[in-house]
Structure formats: C-alpha cells, structure tokens
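Number of protein chains: 2
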Amino acid sequence: MESAVLKISRQRLNSYIEASAQIGKTENGGLYRLALTPQDQKIRDYFKNCLIEAGLEVKIDDFGNMYGWRQGENASLPPLVLGSHLDTQANGGKFDGVIGVMSALEIISTLNEQQITTEHPLVIVNFTNEEGARFAPPMLGSGGLTGELAKDFIYSIKDEEGVTFEEALEKINYKGNKEDRLTDWAYFMELHIEQGPTLDKEKIDIGVVEGIQGMSWLSVKVEGCTNHAGPTPMEDRQDALVSASKMVTNIYELAGEFSGLKTTVGKLNVFPNSPNVIPGVVEFNIDIRHENDHQRHMACKVLKERLSSIAFQYDTEVTIHTIWDNDAVLFDQDIINSVEASAEEMDYSYTKIFSGPGHDAKYMSAAGNSGMIFVPSTNGISHNEQEFTDEKLIAQGADVLLKSLLKLDKII
Amino acid sequence: MESAVLKISRQRLNSYIEASAQIGKTENGGLYRLALTPQDQKIRDYFKNCLIEAGLEVKIDDFGNMYGWRQGENASLPPLVLGSHLDTQANGGKFDGVIGVMSALEIISTLNEQQITTEHPLVIVNFTNEEGARFAPPMLGSGGLTGELAKDFIYSIKDEEGVTFEEALEKINYKGNKEDRLTDWAYFMELHIEQGPTLDKEKIDIGVVEGIQGMSWLSVKVEGCTNHAGPTPMEDRQDALVSASKMVTNIYELAGEFSGLKTTVGKLNVFPNSPNVIPGVVEFNIDIRHENDHQRHMACKVLKERLSSIAFQYDTEVTIHTIWDNDAVLFDQDIINSVEASAEEMDYSYTKIFSGPGHDAKYMSAAGNSGMIFVPSTNGISHNEQEFTDEKLIAQGADVLLKSLLKLDKII
Chain F
1 MESAVLKISR QRLNSYIEAS AQIGKTENGG LYRLALTPQD QKIRDYFKNC LIEAGLEVKI
61 DDFGNMYGWR QGENASLPPL VLGSHLDTQA NGGKFDGVIG VMSALEIIST LNEQQITTEH
121 PLVIVNFTNE EGARFAPPML GSGGLTGELA KDFIYSIKDE EGVTFEEALE KINYKGNKED
181 RLTDWAYFME LHIEQGPTLD KEKIDIGVVE GIQGMSWLSV KVEGCTNHAG PTPMEDRQDA
241 LVSASKMVTN IYELAGEFSG LKTTVGKLNV FPNSPNVIPG VVEFNIDIRH ENDHQRHMAC
301 KVLKERLSSI AFQYDTEVTI HTIWDNDAVL FDQDIINSVE ASAEEMDYSY TKIFSGPGHD
361 AKYMSAAGNS GMIFVPSTNG ISHNEQEFTD EKLIAQGADV LLKSLLKLDK II
Chain U
1 MESAVLKISR QRLNSYIEAS AQIGKTENGG LYRLALTPQD QKIRDYFKNC LIEAGLEVKI
61 DDFGNMYGWR QGENASLPPL VLGSHLDTQA NGGKFDGVIG VMSALEIIST LNEQQITTEH
121 PLVIVNFTNE EGARFAPPML GSGGLTGELA KDFIYSIKDE EGVTFEEALE KINYKGNKED
181 RLTDWAYFME LHIEQGPTLD KEKIDIGVVE GIQGMSWLSV KVEGCTNHAG PTPMEDRQDA
241 LVSASKMVTN IYELAGEFSG LKTTVGKLNV FPNSPNVIPG VVEFNIDIRH ENDHQRHMAC
301 KVLKERLSSI AFQYDTEVTI HTIWDNDAVL FDQDIINSVE ASAEEMDYSY TKIFSGPGHD
361 AKYMSAAGNS GMIFVPSTNG ISHNEQEFTD EKLIAQGADV LLKSLLKLDK II
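Chains F and U supply the protein sequences, listed in that same order.
Counting from 1, one number per residue, gives the positions in the first sequence under UniProt numbering.
Counting from 1, one number per residue, gives the positions in the second sequence under UniProt numbering.
By construction, these hints were calculated from the structure, which means they are not laboratory data.
Do not rely on the hints blindly, as some may be mistaken.
Calculated Cβ distances over 12 Å to all of chain F for the following chain U residues [to be verified]:
#	residue
1	Val265
2	Glu317
3	Ile381
Derived DEER-like restraints, expressed as beta-carbon distance ranges [what the hints assert, rightly or not]:
#	chain 1	residue 1	chain 2	residue 2	range
4	F	Asn173	U	Ile323	44 to 52 Å
5	U	Gln11	F	Ala150	58 to 66 Å
6	F	Asp236	U	Ile320	24 to 32 Å
7	F	Ser219	U	Gln22	48 to 56 Å
8	U	Asp236	F	Glu235	35 to 43 Å
9	U	Thr378	F	Thr319	21 to 29 Å
10	U	Lys410	F	Glu235	37 to 45 Å
11	F	Ser219	U	Glu179	52 to 60 Å
12	U	Lys171	F	Pro38	27 to 35 Å
The C-beta atom is built at its ideal place from N, Cα and C for all residues, glycine as well.
Use the sequences and the hints to build the structure in full.
Structure follows, in structure tokens:
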C-alpha cells in the first residue's frame, strides 16, 4: 500500500534527534558520546524504549548491535533494513549517525500511524562503535556482523585506558547473543549527513550515493634521539619531531599530485613531550582516500618512499605499518535507482555523489545489497560540535528514505 | 687548612650516586623521579639521613629546598654553598643534578674524615623541582629562594592532574619554614654534567663555566577547523597540524640564520587527535636559547613574523605567548678563577664554556656570587635514560669542586 504523498512527521523526527542531543551534550552544543561509555548506555536505553513503544521486537547481538523488528505481510521474505549508529566522536556533532537511526524510527512511527504493513519484515538498527574514536578501527559492529572483522579481534581491541571492547560491552549490559545477529536482508539503507561541502555548496537536497572511497590507514613511527634542548648543537640533533613535521607537510602536498586523493594526519603523539627535551620519538597515523584503488595504492607507494627519504635527511629512523586497507565500494544499483526515482518524484533536487567517509553501509555492502542517502552538511563541517544540517533537509532525506523503502519492498 | 693533594673518595661518591640510581629506577637504567612524587620523597628521606649521619644540621624551607649546615671556624661569615637537585625528567638520566648534590655530600664526608674545618660555615643543598618536568617552569626551588619567582605563583602551579605545587609539597611532608631559607652566602657552586657534547668530543676533563645562555619560552596555539578526513576536499581544509608542522620545520631552520641560536619544539599536542579527523587545534612550546640576549630577541621577533605568515598561508589562526624570558647570566669571576686554577694545579685538562641548559646556579647568581663546574656527558646525551658520565670524570669534577671551595674559603 504505497502512497505517492506519504511523508514522515518532521516534528516527531526532530523530537527524536533532540532527545539524542541531550545525552552526552557538550557545552558548545555538540555530543561527547564515545562507544560503550555510560553516555552510550543512556542513549541505547532511550532507543530501546522507543523500539518497544513502537511495537518492535528488540534484539541485541554479541557485538552490541541493536535491532528493532517489525513483521511484514510475508514472513518468508528477508527484511528491509534501515539504520546507522548512535555513538559519536569526542566533541562530535549531533547529526552524524543519529539521523540515520532516528529517521528509521520515525519511518516506523509513520507506518504505524498510517497502519501500513510492508511485504517484507522491517528492521531498524543501531550499530556499535561506528566512529572508532574509543576503539579503533571504526565500524566494529557492522564489521563483526558481516564477518569482515573477526570477533576475537574486535573483542580484544583496547581503548587508551587498556579496557577491551568486550569488557566495555559487558559493563554497559549490551552484550547480546550471536543468534540475534542480522544474517540476511533484502536491502540495507542508511541515511546520513554528507560530512562534506558538495551538497551544501551547490544547494542540492539529496545525495544519491554511488559508493565509498577506498581508504588506507598507515601508522608511522619516527625515531631520533632524546636530548637536552639547551646544550645540544643544532647540527648534532636527531629531532624526531622536526623529521615528522617535514613528513606531515609532504603528506599534505602529495594530495596535489594525485587528482582526487585525500591525505590526512589526524593523530600525532610526541615523546617524551617536554618543552626543553628534543623529541626522541613521534608516532602518527595517515588516512589516505581515493575513489580509485589503483591511484590510492600508487600514492601509498610514493608516500612511503618520501617518508624514508625525509627520515634519512634528518638522521632519524622511520617505520611504517599498514593498519587498514579497504578497497572502494560500489552500492547496489536497485537502491541507487530507487533513491533517484524517489527524489525525482518528490521534486527534491539531487545528484550522484561518492562518499569520502567510511560508513556501516560499507561493510554491509560486502554481505548484501546496500546503499546510502546523503543530506547536506552546512559548510561541510562534521566531527565537530558545530556540525549542522537544517531540519527541513533532514526531513526530506527521511521522506526519500521512506519512499525508496516502499519501492524496494515491491522489487524483491 | 688546605692541602694540595686532598681528594675525595671516588668509591664513596659512587656509592651515593648508586644509591640514588635505585630510587625511581627505570627498566633501561635511567630514572623516573619527578619532583614531589613518592620517588622524590624517597630520595629526600635517603638524603636527609645522609646529612644527619654526616653530622650536619638539616633545614627545610617553605619551597621544600633541603639544606645541611656544617659549622665553620668563624660563625659570623656567610656560608659557602654547594649543591644541585635530585629530581629528574620522566625517563631521565641518573647523573643530571644528582652528581652536584652527591659530590657536595662526599666533600663533607672527606672534610669530616680529614677533620678539616673551613673558615666559613658550609651548606649543601638539594633544590626542589629543578627539571620542571612535573611543575613548569623549571628551577622553582632556587627561583623561589632568590625571589626571582613569587611564592604565590610557585604554590599555585598545577601538574597535569591539576595538583598544585603546594599540595604536592605537603603530601610528601617536605613543606618547611620560610625562616629556614638560605638568605646569604659567600659563594654558591654547582657541579653538573655538561649535557652537551663539547667536553666529550674534545676529551677535556673540566668545563670552567662562564655563564648560562639566555632563554625564551613561547607557547603557540594554532587554530584551524576540525572536520572529517574523508569528504573534506583538500582545498577547503584548515588543517591546524599541517600549519603547525610547517612552523616546526621553519623554527628549526631559523637556527641556521643566527649563529649560535638553538631552537627546539619539545612539546606538541594535537586536538582532537583522532586518525580520521582533520586537527582543529595544535598547541606547542618553543625553547629558544642564545648567549647573546640581543640576538635571541631578534630571533624571537623574526620567528613571530614567520609563524603569522605560515598561519595565514594555511588559512589558520596563530596565537603566541611569551611564557618565560630569561637573559643570559655571567658567573662570578672569583669562582671562575678558582676553578680554573684548581684544574690547572691538579693537572686536569679544562676549557671555558657557556651552559646551554638553565640550572639552579642561574637564579642563585641573581642573588649572590655563584658559579658552576662541568664534567663531560658521553656523546652529549642527557634528559635520556642513556645519559652517562665516566665515574673517573665525576670524581675529578668533585676534586676540583673541593679544591675551589678551599681556595674560596680563603678569599672572603
């Protein structure tokens, strides 16, 4: 029973997003809600109550992923799945992840209100630790679910205090059962803010996401020699920070040599980190992304050569490890077509776009049909307390998500 | 009663240094004995016992500076003072500071053994928090004693956990009395390792220290815009770390433009410091030293202009504060002459040298006649667990210290 004019309730969707914005709220209006912390537990408890109130069957799997199941007309069909994540970066924004989960909840509320039952069962999901801000790498919940990351690996990852993922999961009482994992689905869709400036700059309502850039993470250790800042002549120094700084600017400049390449050094630590001591060791991470895997691999190769050469120039040693190497992902064509058609029919402006960040939809697409819808981020700002998206734009994204869902319900 | 052949006991001096090397010992044979920690308390307790065993009167002042007083023939004369500090850097060496205190103790032991009484009273001293590794800036004990730093300022300085100097001093039971401060002295002398490579490279036994380089500490805050590493196009970025890295290499290169200038960035912190987040803020400190104050001020001026220009180039903001600005110090000529004559008479090779690091003798020289003696540091390595000085060289330095002390005892 599809309706051409069926739209979600903007007011109710806002109330869900606003409720989330209160849990882990920072002074500057952002969120500090790292995965598996007491703040995460609080938003999970709130979300679980919402699922129960919406009449959904709640399931929690052994990675802490939370599901709300709604029956369909045909119980033998695999479910249609909507969702994202409710954890945030340290001092992150209140929309990243949240609008994907809350719009899914809102869609259930709308369907309940309109007494619409889909052919397929529906599932809405909150994935664990998408951000990777407490337990790196990111997307552990969806990575575990889809078998892209091993359970032993995930359980043993430690945060900076030495607490393992498993311990943290148990502590907040969200370690569920392996049998409750989502194992099969017809389509998975994730609504998300773009976290980049393209849609906002061009004043486009909807991003029809074609895929996700490939990504490499490298860890780099630069070793020089710790010494006193006062007496050591400049020419005798083996300053790990001077060497690492030269590397950071070179990594940045490399992006200018490969069209479409993005390089970032986001994390860097200096040892011993004392004002009058020449740094003996610097450790940092490099994040390298490109839509084209070959270009990315070429860039990584050139980068490693340059870092070795800089290390030599400054009489330091460098060790480079690849800690993560994910190829680019292309999303399901049925989903791309449905999203495009829905935006067209609802008269929202749209464009095809590639995602820069990784998302849970990336791992999900390795195990089944998956896709994404983007709404604009004001000035492209994300992973920042100033992250913002107009509520009208979020509601339009949720409308397109709902309409696409109903279209896909008829396909398989 | 001066003797031309009077020498200290190398074996006993080693036993004092070895005892110190056991308290706060690291796996790699260095010391982790930050000021006013339980480790510092333990070495203080050991030192206090040594003072008592040597028959000295123990006094502790309100900065936690520890004194051992030995009577002279003429009680109306101001004392001759020897000493240094027993705190260390995090993972520092076992000689920095320690040999100055322990050689003073050994000199007392030698004088006791030989039943020599000087004209002047003798005082040996352990200054509080010379390193500044826990409570910055360094040299708080000597700075407070000489009135170069205000007591309120010192008491309110917090460590990284927010504990104040005063709280930490009380906690280890070393908050003494203002009346017990050393207020007047004939000469203050500090034996120290060079912490630079000059003496070791040139195989010279004794450094006759002429003075201490002037030093500026600047704190720098670079502000860009936190954003997600994946989608943000390179040309839209305001990456605080790329900007700061360019500054660090420029600060290093600036030293090549002013002969004798030393510049160091030893401490640098990135915020939010997450691998997939473009850094929004970087804070770092610059340490700038020169024997010539005018040259140092010129360099600071040029540096500030360059940092502003780099900040602009990378679309970031920079704020620079001078947190410390100390002019160069020239030591007392009587001391310089006595040290030189003593080394000559004892047939040890010697050279005049300027100190790169600051030392307690720096503040002491603002309030009274002060000077220093250096012994070589192997490969110039210091503030490092690998810091090393041959025991023969330390003993020679202590011999010169003793001989100089006896010479100075006859001057005033």
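If I claimed the Cβ atoms of F:Ser219 and U:Glu179 lie 52 to 60 Å apart, would that claim hold in this structure?
holds (56 Å)
Given the hint of 35 to 43 Å, check if U:Asp236 and F:Glu235 actually sit that far apart at their C-beta atoms.
holds (40 Å)
U:Glu317 non-interfacial with respect to chain F [C-beta, more than 12 Å]:
holds (15 Å)
Please test the hint of 24 to 32 Å on the beta carbon pair from F:Asp236 and U:Ile320.
holds (28 Å)
Quick one: are U:Thr378 and F:Thr319 within 21 to 29 Å, going by C-beta?
Taking Cβ atoms as reference, U:Thr378 and F:Thr319 lie about 27 Å apart, which means the hint holds.
Tell me if the beta carbons of F:Asn173 and U:Ile323 are separated by a distance inside 44 to 52 Å.
holds (47 Å)
Does the claim that U:Ile381 lies outside the interface with chain F hold up, using a Cβ gap greater than 12 Å?
The claim breaks: U:Ile381 does not keep its Cβ more than 12 Å from every Cβ of chain F (closest is about 6 Å).
Hint check for F:Glu235 and U:Lys410 - Cβ pair distance inside 37 to 45 Å
Holds: the Cβ-Cβ distance is about 43 Å, inside 37 to 45 Å.
Determine whether the Cβ-Cβ distance between U:Lys171 and F:Pro38 falls within the hinted range of 27 to 35 Å.
holds (30 Å)
Distal placement of U:Val265 relative to chain F, Cβ over 12 Å
The claim breaks: U:Val265 does not keep its Cβ more than 12 Å from every Cβ of chain F (closest is about 6 Å).
Quick one: are F:Ser219 and U:Gln22 within 48 to 56 Å, going by C-beta?
violated (36 Å)
How does the Cβ-Cβ distance of U:Gln11 and F:Ala150 compare with 58 to 66 Å: does it lie in that range?
holds (60 Å)
Comparing the model with each numbered hint stated earlier shows that hints 1, 3, 7 do not hold.
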